[in-house]
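Trainee: Position chain S relative to chain X; hints supplied.
There are 2 protein chains.
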Amino acid sequence: MPSMLSSVRRSLRASVVLANVSLATVLFATPAWSDPSKLEVFPAELARVAAELRDKALAESDAYDFIASLTTEVGPRPAGSVNDRRAVAWAVERLTSYGLEVRTEPVTVPHWVRGKAAGRIVAPYPQHVELVALGGSIGTPEGGIEAEVIEVEGVDALEALEPGAVEGKIVFFNRRMTRHPQGAGYGPAVQARGSGPAKASPLGAVAVIIRSAGTSSHRFGHTGGTRYADGVRKIPAAALSNADADMLERQVATGKPVRFHLELGCRNLPDEMSANVIGEIRGREKPDEIVLLAAHLDSWDLGTGAIDDGAGCAIVSEAARIIAALPQAPRRTLRVFLAANEEFGLSGARAYGELHADQLVNHTAAAESDLGVGKVSILRSRVAPDRMPWVRDLERLLSPLGISHVDTPAFGGADLRPLRPARVPFFDLPQDATLYFDYHHTADDTLDKLDPEDLRQNVAAYVTLAYLLAETETDLGRAPEPEQ
Amino acid sequence: MPSMLSSVRRSLRASVVLANVSLATVLFATPAWSDPSKLEVFPAELARVAAELRDKALAESDAYDFIASLTTEVGPRPAGSVNDRRAVAWAVERLTSYGLEVRTEPVTVPHWVRGKAAGRIVAPYPQHVELVALGGSIGTPEGGIEAEVIEVEGVDALEALEPGAVEGKIVFFNRRMTRHPQGAGYGPAVQARGSGPAKASPLGAVAVIIRSAGTSSHRFGHTGGTRYADGVRKIPAAALSNADADMLERQVATGKPVRFHLELGCRNLPDEMSANVIGEIRGREKPDEIVLLAAHLDSWDLGTGAIDDGAGCAIVSEAARIIAALPQAPRRTLRVFLAANEEFGLSGARAYGELHADQLVNHTAAAESDLGVGKVSILRSRVAPDRMPWVRDLERLLSPLGISHVDTPAFGGADLRPLRPARVPFFDLPQDATLYFDYHHTADDTLDKLDPEDLRQNVAAYVTLAYLLAETETDLGRAPEPEQ
Numbered sequence: 001m002p003s004m005l006s007s008v009r010r011s012l013r014a015s016v017v018l019a020n021v022s023l024a025t026v027l028f029a030t031p032a033w034s035d036p037s038k039l040e041v042f043p044a045e046l047a048r049v050a051a052e053l054r055d056k057a058l059a060e061s062d063a064y065d066f067i068a069s070l071t072t073e074v075g076p077r078p079a080g081s082v083n084d085r086r087a088v089a090w091a092v093e094r095l096t097s098y099g100l101e102v103r104t105e106p107v108t109v110p111h112w113v114r115g116k117a118a119g120r121i122v123a124p125y126p127q128h129v130e131l132v133a134l135g136g137s138i139g140t141p142e143g144g145i146e147a148e149v150i151e152v153e154g155v156d157a158l159e160a161l162e163p164g165a166v167e168g169k170i171v172f173f174n175r176r177m178t179r180h181p182q183g184a185g186y187g188p189a190v191q192a193r194g195s196g197p198a199k200a201s202p203l204g205a206v207a208v209i210i211r212s213a214g215t216s217s218h219r220f221g222h223t224g225g226t227r228y229a230d231g232v233r234k235i236p237a238a239a240l241s242n243a244d245a246d247m248l249e250r251q252v253a254t255g256k257p258v259r260f261h262l263e264l265g266c267r268n269l270p271d272e273m274s275a276n277v278i279g280e281i282r283g284r285e286k287p288d289e290i291v292l293l294a295a296h297l298d299s300w301d302l303g304t305g306a307i308d309d310g311a312g313c314a315i316v317s318e319a320a321r322i323i324a325a326l327p328q329a330p331r332r333t334l335r336v337f338l339a340a341n342e343e344f345g346l347s348g349a350r351a352y353g354e355l356h357a358d359q360l361v362n363h364t365a366a367a368e369s370d371l372g373v374g375k376v377s378i379l380r381s382r383v384a385p386d387r388m389p390w391v392r393d394l395e396r397l398l399s400p401l402g403i404s405h406v407d408t409p410a411f412g413g414a415d416l417r418p419l420r421p422a423r424v425p426f427f428d429l430p431q432d433a434t435l436y437f438d439y440h441h442t443a444d445d446t447l448d449k450l451d452p453e454d455l456r457q458n459v460a461a462y463v464t465l466a467y468l469l470a471e472t473e474t475d476l477g478r479a480p481e482p483e484q
Numbered sequence: 485m486p487s488m489l490s491s492v493r494r495s496l497r498a499s500v501v502l503a504n505v506s507l508a509t510v511l512f513a514t515p516a517w518s519d520p521s522k523l524e525v526f527p528a529e530l531a532r533v534a535a536e537l538r539d540k541a542l543a544e545s546d547a548y549d550f551i552a553s554l555t556t557e558v559g560p561r562p563a564g565s566v567n568d569r570r571a572v573a574w575a576v577e578r579l580t581s582y583g584l585e586v587r588t589e590p591v592t593v594p595h596w597v598r599g600k601a602a603g604r605i606v607a608p609y610p611q612h613v614e615l616v617a618l619g620g621s622i623g624t625p626e627g628g629i630e631a632e633v634i635e636v637e638g639v640d641a642l643e644a645l646e647p648g649a650v651e652g653k654i655v656f657f658n659r660r661m662t663r664h665p666q667g668a669g670y671g672p673a674v675q676a677r678g679s680g681p682a683k684a685s686p687l688g689a690v691a692v693i694i695r696s697a698g699t700s701s702h703r704f705g706h707t708g709g710t711r712y713a714d715g716v717r718k719i720p721a722a723a724l725s726n727a728d729a730d731m732l733e734r735q736v737a738t739g740k741p742v743r744f745h746l747e748l749g750c751r752n753l754p755d756e757m758s759a760n761v762i763g764e765i766r767g768r769e770k771p772d773e774i775v776l777l778a779a780h781l782d783s784w785d786l787g788t789g790a791i792d793d794g795a796g797c798a799i800v801s802e803a804a805r806i807i808a809a810l811p812q813a814p815r816r817t818l819r820v821f822l823a824a825n826e827e828f829g830l831s832g833a834r835a836y837g838e839l840h841a842d843q844l845v846n847h848t849a850a851a852e853s854d855l856g857v858g859k860v861s862i863l864r865s866r867v868a869p870d871r872m873p874w875v876r877d878l879e880r881l882l883s884p885l886g887i888s889h890v891d892t893p894a895f896g897g898a899d900l901r902p903l904r905p906a907r908v909p910f911f912d913l914p915q916d917a918t919l920y921f922d923y924h925h926t927a928d929d930t931l932d933k934l935d936p937e938d939l940r941q942n943v944a945a946y947v948t949l950a951y952l953l954a955e956t957e958t959d960l961g962r963a964p965e966p967e968q
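Quick note, the sequences are listed as chains X and S, same order.
Count the first sequence with our numbering and you get residues 1 to 484, in order.
Count the second sequence with our numbering and you get residues 485 to 968, in order.
Rather than coming from a laboratory, the hints here were simulated on the basis of the structure.
If you're wondering where the values come from, they're calculated on a predicted model, not measured in any experiment.
One thing to keep in mind: the hints can contain errors.
[As the list claims (entries may be wrong)] Some chain S residues close to chain X (C-beta under 8 Å, calculated; not the full set): (1) T556; (2) G559; (3) E614; (4) I622; (5) H702; (6) D928; (7) D935.
[Said to hold, decoys possible] Interface residues of chain X toward chain S, partial, derived using beta-carbon atoms under 10 Å: (8) V82; (9) G187; (10) A243; (11) L269.
[As the list claims (entries may be wrong)] DEER-style ranges, computed between Cβ atoms: (12) X:A89 - S:R660: 25 to 35 Å; (13) X:K116 - S:D842: 28 to 38 Å; (14) X:M388 - S:A607: 53 to 63 Å.
Backbone N, C-alpha and C define an ideal beta-carbon position, used for all residues, glycine too.
So here's chain X without its partners, still in its complex pose:
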């Protein structure tokens, strides 16, 4: 697999390099952005600088080193951990060295620790299985629990069972995630992770195990938060690696009763303090108008958070670094927002929304990078319909990177949720996520999974977007009412 991927990657990398070269040639020959007939609203000078920044980001970037440093010197940084606080200190230092005005804003975060996790099939055929606790799961009693397994595909199938079918059993949610360039398989797969335990508990289940909501064929469970429901007895919950879910599925398919032993040592500890890290370039003309670039600094604990979301932090920070190096600051304030605890309850986003409640309407636009580091090929926007000429000019600047606008409205990212009610215009530059869910939330989220060329392409896209948003004289207005 890695072989295939490596060679695929090498060719991808080669084609990116070639693309860049030919791209540069094209740009210098007939710069599309400076052709007045091709630009609807951008002044030529605005487009010229944006294109320069874009090409500079393609040519050289500190983003890879950012991630190497964060993952090597800090590593995994789950909410509430010592590393969470170390990551904040690390980010303050890094963003300061980038020439940004940096501050932290306190965030209270939950503190859940994983402890040991062990699972085995006891009967009919004893087998060790690889699993991980779902984030937030309670532990089992010391020594674990053992019960018969009942397999269902998803929550709907669980609820369609006869009364009593689940009583005293371990529910095995066995829905396989499908692979998709935009990660569309994640939603259906993740449902049981989020609500499976809360749904199975009232039916009498003693625990839940799920097939990992990921596409890896490797023997790692895929973690991620589960949500218990108020007033419902909490039961332990874990995710099997896909290979081990296959094993359990085969044993269930024998028709013989399958017994499973689960031991989880996870615990919820008292809340801890963490912080959102804010780095700004103060706007030269409209300092109170804010263009927000977000990513999240926390990570799950199993990998080193290189792709989720070290990559996003690096991409938005590097975009700001490049802009900060310009002879003059852009018109508006450009704010990098590295959120605390996105993974386990969006504490940082909530705190941002509360602290900046009065300022939310002053956010003129926002974007978040939190889908790894595949190449970006899509631009989505959420702006008032009459501002589409501006978006089309943006697309023209991004098109040499292989990026096209699509009509699906921008989502904005989880950490931008507090900006939604203020109808802040959103822009998405989603990465190709074909491989993302092989690594996401697993021990495999490590530096070696990043392609430096793809990373530079991401930075180039973000710096173009960020500069145009911060510098443009156009008022982008408010976004349409969000759908509920």
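Mentor: Only chain S this time, still in chain X's reference frame:
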């Protein structure tokens, strides 16, 4: 990565299916093997039956179910474990159901148990790392050991160090395995695993950690036996996943002293009894002449031994099953040899050599399948030079499977070692090993890594070879003296 692989696999699978179809078309249209001008020594009837068996094996096979059953009902089966004995019982039952005459031959095997394995970088930047003990390693004292790390590429570099450089340190062997279709990168990479601890100990090292001798980018250590030297103090030895070796390499590259903590709970227990499993089709004319098809029944403990060597066991057993279903037994005895403990000292091979010492010269040919389940594209032979016309006819029968003869002499496989002094002719049908070392000796050696189409192609190749060897009237003579 898996995505890429999955799609690569899907296309491979599709092309195999297409190849099979077009192949069958070609065969039925102008069967190459029945064209007298194309066969040098094979009688037409011999070739006709061999081709029929080959095509039957391509069309349907029990081999996948063999591996599914072995890995699901038994699972990992390291020498000396309870599962080792369960695997023997399972294999006796399976081969008996295949119509073979089955017996076991006792083998005394070592019994090493892994216990816990934990590693972390203590300084300069604390990080948890994923590692596994090397097979046979002694454990550390309870609570582990901590020491400074010294990095070298390989054993040569270690021996070139100044006296005292290693004293009191943990030696980190950091040679990266390169990917190669025939697994040629394994030899250089595995050197430190085999002899690193024995070489580092006399220099004063307190432990050895190596970069895994595997190509996986996933966070599993790659196990495999290490060989301590007589009279040399044993020191603990473990293998880091490639991603974690990268992490350690980056920390060493900072130039700061790197301290590492290692705790291994592995132990050597008293020897246990295991068994070689022998399944035969007694020859109808020359029952004392033996054609040997080997694979090994044991596996390492981390995965379920689906590819190493469940696949080999399935391939040779299925070839025998197809031949056993013929109206009459072939001329010579066809013997399936599922060896005990290949992985940790070749106990089964040695026992076979001792028990059958007088019979070794009666082995007229032998082949072993122990390189996973990639497609076979190569035939290697080790026969007397004047028997090459026979080998060329064999190649003609295999060529519709995409297999060509190469001049490199056959190796024969580790379990055939006792047959070498008797100069038994060897045949190799090595699998494409491009992906093999992503899974080999890791937790990832599981059923889902097998492509059923590739597996059938392997069986087709082995059944063709086995039938021809057992049925031919040609005396293949003795192989040339092996090189030492």
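Trainee: The structure should be examined with respect to each hint, and the outcome stated for every one.
Mentor: Hint check:
{"no.": "1", "hint": "T556", "result": "holds, 5 Å"}
{"no.": "2", "hint": "G559", "result": "holds, 5 Å"}
{"no.": "3", "hint": "E614", "result": "holds, 7 Å"}
{"no.": "4", "hint": "I622", "result": "violated, 23 Å"}
{"no.": "5", "hint": "H702", "result": "holds, 5 Å"}
{"no.": "6", "hint": "D928", "result": "holds, 6 Å"}
{"no.": "7", "hint": "D935", "result": "violated, 12 Å"}
{"no.": "8", "hint": "V82", "result": "holds, 9 Å"}
{"no.": "9", "hint": "G187", "result": "violated, 17 Å"}
{"no.": "10", "hint": "A243", "result": "holds, 4 Å"}
{"no.": "11", "hint": "L269", "result": "violated, 19 Å"}
{"no.": "12", "hint": "X:A89 - S:R660: 25 to 35 Å", "result": "holds, 33 Å"}
{"no.": "13", "hint": "X:K116 - S:D842: 28 to 38 Å", "result": "violated, 54 Å"}
{"no.": "14", "hint": "X:M388 - S:A607: 53 to 63 Å", "result": "holds, 55 Å"}
In this structure, the earlier hints numbered 4, 7, 9, 11 and 13 are contradicted, and the remaining ones agree with it.
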